[in-house]
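Asker: Residue numbers (this note's numbering), protein chains in the order written: chain A, -7 to 326; chain B, -7 to 326; chain C, 122 to 452; chain D, 122 to 452.
All the pointers check out, no bait thrown in.
DSS-like, lysine-lysine: derived pairs with alpha carbons at most 27 angstroms apart:
1) C:319 - C:372
2) C:339 - C:319
3) B:73 - B:289
4) D:400 - C:373
5) C:400 - D:373
6) C:400 - C:319
7) A:249 - C:160
8) C:372 - D:400
9) C:160 - A:27
10) D:319 - D:301
11) D:400 - C:400
12) D:229 - A:73
13) D:372 - C:372
14) B:27 - D:160
15) C:400 - D:372
16) B:73 - B:27
17) C:229 - B:73
18) D:373 - D:339
19) D:339 - D:372
20) D:160 - B:249
21) C:301 - C:160
22) A:27 - A:289
23) A:289 - A:73
Computed far set for chain B versus chain D, every beta-carbon distance over 10 angstroms:
24) 69
25) 183
26) 248
27) 297
Think of the hints as simulated: they come from the structure by calculation, not from any bench. Just so we're clear, the structure is a prediction, and the values are computed from it rather than from any experiment. By construction, the Cβ of each residue, glycine as well, lies at the ideal position given by its N, Cα and C atoms.
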Amino acid sequence: MTQPSNTESYLRMYTQMVRIRAFEDQANQLYLSAKMPGLTHMYSGQEAVAVGICEALTSDDKITSTHRGHGHCVAKGAEFKQMFCELLGKEEGYCRGKGGSMHIADQSNGNLGANAIVGGSMGIATGAAMSARARGSGEVAVCFFGDGATAQGLMYEVMNMAALWKLPVIYACENNGYSEYTRTDEIAAGSIVARAEAFGIEAHQVDGQDVLAVNELSQKLIARARKGEGPFFIELMTYRYHGHHVGDINREYYRTKDEESDWKSNRDPITNFGRWLTEQGLVAPEDLAAIDADVYKDAEDAVAYALAAAYPDGSEVDMHVYAPTDPATLRVGG
Amino acid sequence: MTQPSNTESYLRMYTQMVRIRAFEDQANQLYLSAKMPGLTHMYSGQEAVAVGICEALTSDDKITSTHRGHGHCVAKGAEFKQMFCELLGKEEGYCRGKGGSMHIADQSNGNLGANAIVGGSMGIATGAAMSARARGSGEVAVCFFGDGATAQGLMYEVMNMAALWKLPVIYACENNGYSEYTRTDEIAAGSIVARAEAFGIEAHQVDGQDVLAVNELSQKLIARARKGEGPFFIELMTYRYHGHHVGDINREYYRTKDEESDWKSNRDPITNFGRWLTEQGLVAPEDLAAIDADVYKDAEDAVAYALAAAYPDGSEVDMHVYAPTDPATLRVGG
Amino acid sequence: MREITLSKAVNEAIAEEMRRDPTVFVIGEDVAEAGTPFKVLSGLVEEFGTDRIVDTPIAEPGFMGIAVGAAMTGMRPIVDLMFGDFLFLVMDQLCNQAAKTHYMSGGKLSVPLVLRTNMGATRRSAAQHSQSLHALVAHIPGLMVAMPSSAYEAKGLMKTAIRENNPVVIFEDKLMYQDKAPVPEEEYLIPFGQANVKREGTDITLIGTSSMVQVAEKAAEILAGQGISAEVIDPRTIVPLDEATLLASVKKTSRAIVIDEGHQGYGITGEIAARLNEKAFYHLDAPVCRMGAMDVPVPFSPALEDLTVPTPERVAALAARLVAGEMLHDA
Amino acid sequence: MREITLSKAVNEAIAEEMRRDPTVFVIGEDVAEAGTPFKVLSGLVEEFGTDRIVDTPIAEPGFMGIAVGAAMTGMRPIVDLMFGDFLFLVMDQLCNQAAKTHYMSGGKLSVPLVLRTNMGATRRSAAQHSQSLHALVAHIPGLMVAMPSSAYEAKGLMKTAIRENNPVVIFEDKLMYQDKAPVPEEEYLIPFGQANVKREGTDITLIGTSSMVQVAEKAAEILAGQGISAEVIDPRTIVPLDEATLLASVKKTSRAIVIDEGHQGYGITGEIAARLNEKAFYHLDAPVCRMGAMDVPVPFSPALEDLTVPTPERVAALAARLVAGEMLHDA
Ligand SMILES: Cc1ncc(C[n+]2csc(CCOP(=O)(O)OP(=O)(O)O)c2C)c(N)n1
Ligand SMILES: Cc1ncc(C[n+]2csc(CCOP(=O)(O)OP(=O)(O)O)c2C)c(N)n1
Ligand SMILES: [Mg+2]
Ligand SMILES: [Mg+2]
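Taking the hints into account, I'd like the entire structure generated from these sequences.
Answerer: Shown next, in the form of structure tokens:
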């Protein structure tokens, strides 16, 4: 693989962040206009985390994602159309409409799926890393999870094994300051990075609004994990702009509007990275505006497509409960 | 409560350690002579841990115990007769024969029970501490568990809550170097005390063969926990003399006879404490021998009693599935 | 009589019992200021404070275990499990610890706690937020299992659950939180193990749990239009189960369908049908039939999800076949 | 034919499949040098090394989750769960993740793993080491459930389980590890969903799972002495269930008892009985009856424990009553 020039890679990161934001804006609109079945959790504000990390991965590398998973899915290479189709329960969705927002998966790009059990994917990511090593594939697995998920015991169980067995897995804790309607300091005692370190895992804290910082650290750690120096732990300090889910509108009882607008105005990962790109003279403001416009157009088109797309046929309801096994395999000598 | 003189308390500790050893020797004999239903796990070698800690507790304080629980049970004040009856499945046992060795409980002395799920009692101990505070009882709860149990995620979940809520609970990790047939360093990455510290919990490591060291540290921490300065974590370095259970006879494939005899000859908690007591001139060797003889006699008598005792009547089989509730309570105004 | 929502009924039950008994407390995620995502507990923290309405980290096994320990030592915790699907996370503490402690201790220790959680699909919440898992806990001796079918039931059963000296799992239907029903101002409790005959009938007995009681009642309406008289029974608690009332009805009508929103396969309908078949065999004109949720993970797509649960139309159609004797020819 | 123990049969099945397919590996506590506490896996680590026979810390939820992730990405893990009672600890990873992944991904991901664990009481191991919890997993769509009744069955079913593209839970009876049975040297597999008619008979069908097949066979001997001809059937897998074979038998004999070592209440016997009642109703001379373990936590005391499980004598007595028509008068 030839190394892309820095500017190329910067622009890719910028574009990917804008794609996430555009996707979420459309998804929110779908909810507000009552076209979305159920609820969904917006990733807006956290784009630099998913993009900074996923741009350091190959498409064979695996990730596991969360209930707030659209960002990871886009960053790992998914297409808008199949994503919106999935969110609307349509047959052309990544999971034929069976998974929806909280279970969206895109195995062709190494995304093993969002997960509606907080912390539920920590074993899966660790197992993918174990599998990568057993198969000699050279892949790395990244486990995305929130600060709230650090309360789940499963994390400590699998970190222990990952450390004992030196597995190529990166635990990426997206600390957005809240789990649902509760501040992180009310649910997390001590220090999150120290918890990983206690298992002998090298741990870092990084500004999750700075895509370059995230990407640089990720590149280093992923390269080292590939060489067998893993596992690693990263705590990424970030913020979610919307409520816990799209329906969480009145949230002043747990966080102030001032706090929200401070993050949005001063620490937005897209605005700041765009400003830096132009300040460095790497790109003209109009170029960025053109990217934005293209991406938003794509998103709108994809929404229109998905709205018009077909639901799965009723006969699908009891398909895919069990995976088929080739009968020849189940015979002697098979 | 008047403070006992030091010598009184030392002799109590000595006696309690001998009582545990005598109990286990008899229990092992019962197994070897095929009089014991099922298997059981010997505490021999670890006596200073249970006694050093429990002598710092009142009988209202709560403990939770493990599959290797006879030591905790004796140290918390239980009687031989009811214990042997329980091990033999007799009606006069602490649990009317329904629990057996792995579930022996003695709520009258604050022992909430052994537990056959490794790590299974960590929540229970933490909840007992929460309850103590809610009831304003001033009690402290001690959670005994092995090094192997530190792999269970539940521990990290409840330590987090205990730390957030400053509960009066002491996590007492008996590190005897093995979980079943596996060395601790093969199943525990990093540092056990650091794991507690990462949650902001003050943690100590202590020589678990030195009953005075254990008792001194326990007294301090328990007093502080009672004042609301808890939780605390103690890692007690110790050793089990027997196999994982009474049937684990050939164990050279996982540990050497040399290692075993080194601990038994040089680090035995009873021998060493006895020697110290006589060296200090606090007691004559004959006095200790007399204690030993008395205790062994008691244990033998209790075994004979238990062997002759009656099994529960068959009609007990479906008793105690549900606790009765006073019908008056279940009525309006009840 | 005033009408209140199921959500409000649960809230009232808990508040009344907390006033009555200082050892009762609530523990779970976002139960305090947020009052749970479904807002069922709104207002309680204002009255009882954060010492008795306790917000936890996202650690279901952990706070379930803490509740067991608290219950063993003089408190009466109400564990709030945000979604019934998370039962899988607390099974060890619930089934290996809470359920067995009284028995294993020979009756010396007891675990008076309530695990309140929910069930019910068709909210477009997909496979991990839509399950109805009461069959799992009903199988474990030592647990009691309540399934309220209305606001009235929810209040009365919750109050009993809190006063019980045993671990009780109570399943609220998420879809019913806003459903209103008449609920007296005066205190009342609903005893466990007493089924409620919601509608009398002579041709067939429809036994429904939780929201399936409403489904059964609607099916009975449809059947009435066809000249078929259906009796509708709500067992209220599946452990203990009021076998006597169910048997009396089936012996009278000679036919029955058991309707439940858990998966049909190896779920609760099999047990109830098997007991009725066994003990009312001589009186039956048709086999006791069942209708549970389909044996598939709950799909997200609305086009699929609605197919997975029993509906009044499907229940009525099956009932009509039974009454017509068509099941006999199949069998 | 040579006779080998059930323990050896399982060992051979795993070894053969590991030789055949490099993606198969074993993960669990003390599986390597110790070969598990029951010594079932002894010798495997010598042949396959510690990369493929992987000792874990005591972290059942953790290594279950790891197995799910490995299975989703090209491996075929065999998870060793030391006691069936620890199922409660792995339920979330097993039932929320492994069981649903194929469905939730619309068929794109699959989870080919085997969870091998055990069941069975009367070992004096008390309430947390004696449970038979297969009913819990049988209720969850997406899982397959196998219950071998002999060394022969254990080997053939294990080989099929390993080759299946779905999560399979396989329950071995702890009490049967040393039981010998004829097992051919040549490779064979036993397909899932094909019941085995162990003994033909005309008066009553005895359906038993796992060690209850032996109990049923002994009961059939007792009954033969009383002039009653019992047919004995082993379903082998309860998911998928070979309803056709069971129904054909019950239609022939007109009577049946389902025998299982799980708790009777809300267990698997209810489902099987309900299906047979429903689909063979017209042919039945008596209700399909059941005998499961008592609905009590397993007591430690030998004086109590032996009362909790079905025995040949009790099965035969119930069968004789059914044949005599006595159940009809009760019902
Ligand atoms: C096991 C489990 N418990 C509770 C929930 C309900 N829940 C969904 S998201 C969430 C908060 C998660 O917080 P965090 O991990 O910080 O992620 P964030 O939402 O902030 O991205 C909770 C409690 C769940 N889905 N799964
Ligand atoms: C959840 C669970 N997993 C596995 C076991 C089997 N088991 C019983 S004791 C034990 C080892 C425990 O080691 P440790 O905690 O160090 O205690 P020790 O035996 O050394 O006192 C294991 C694996 C169990 N009882 N419970
Ligand atoms: Mg968060
Ligand atoms: Mg140990």
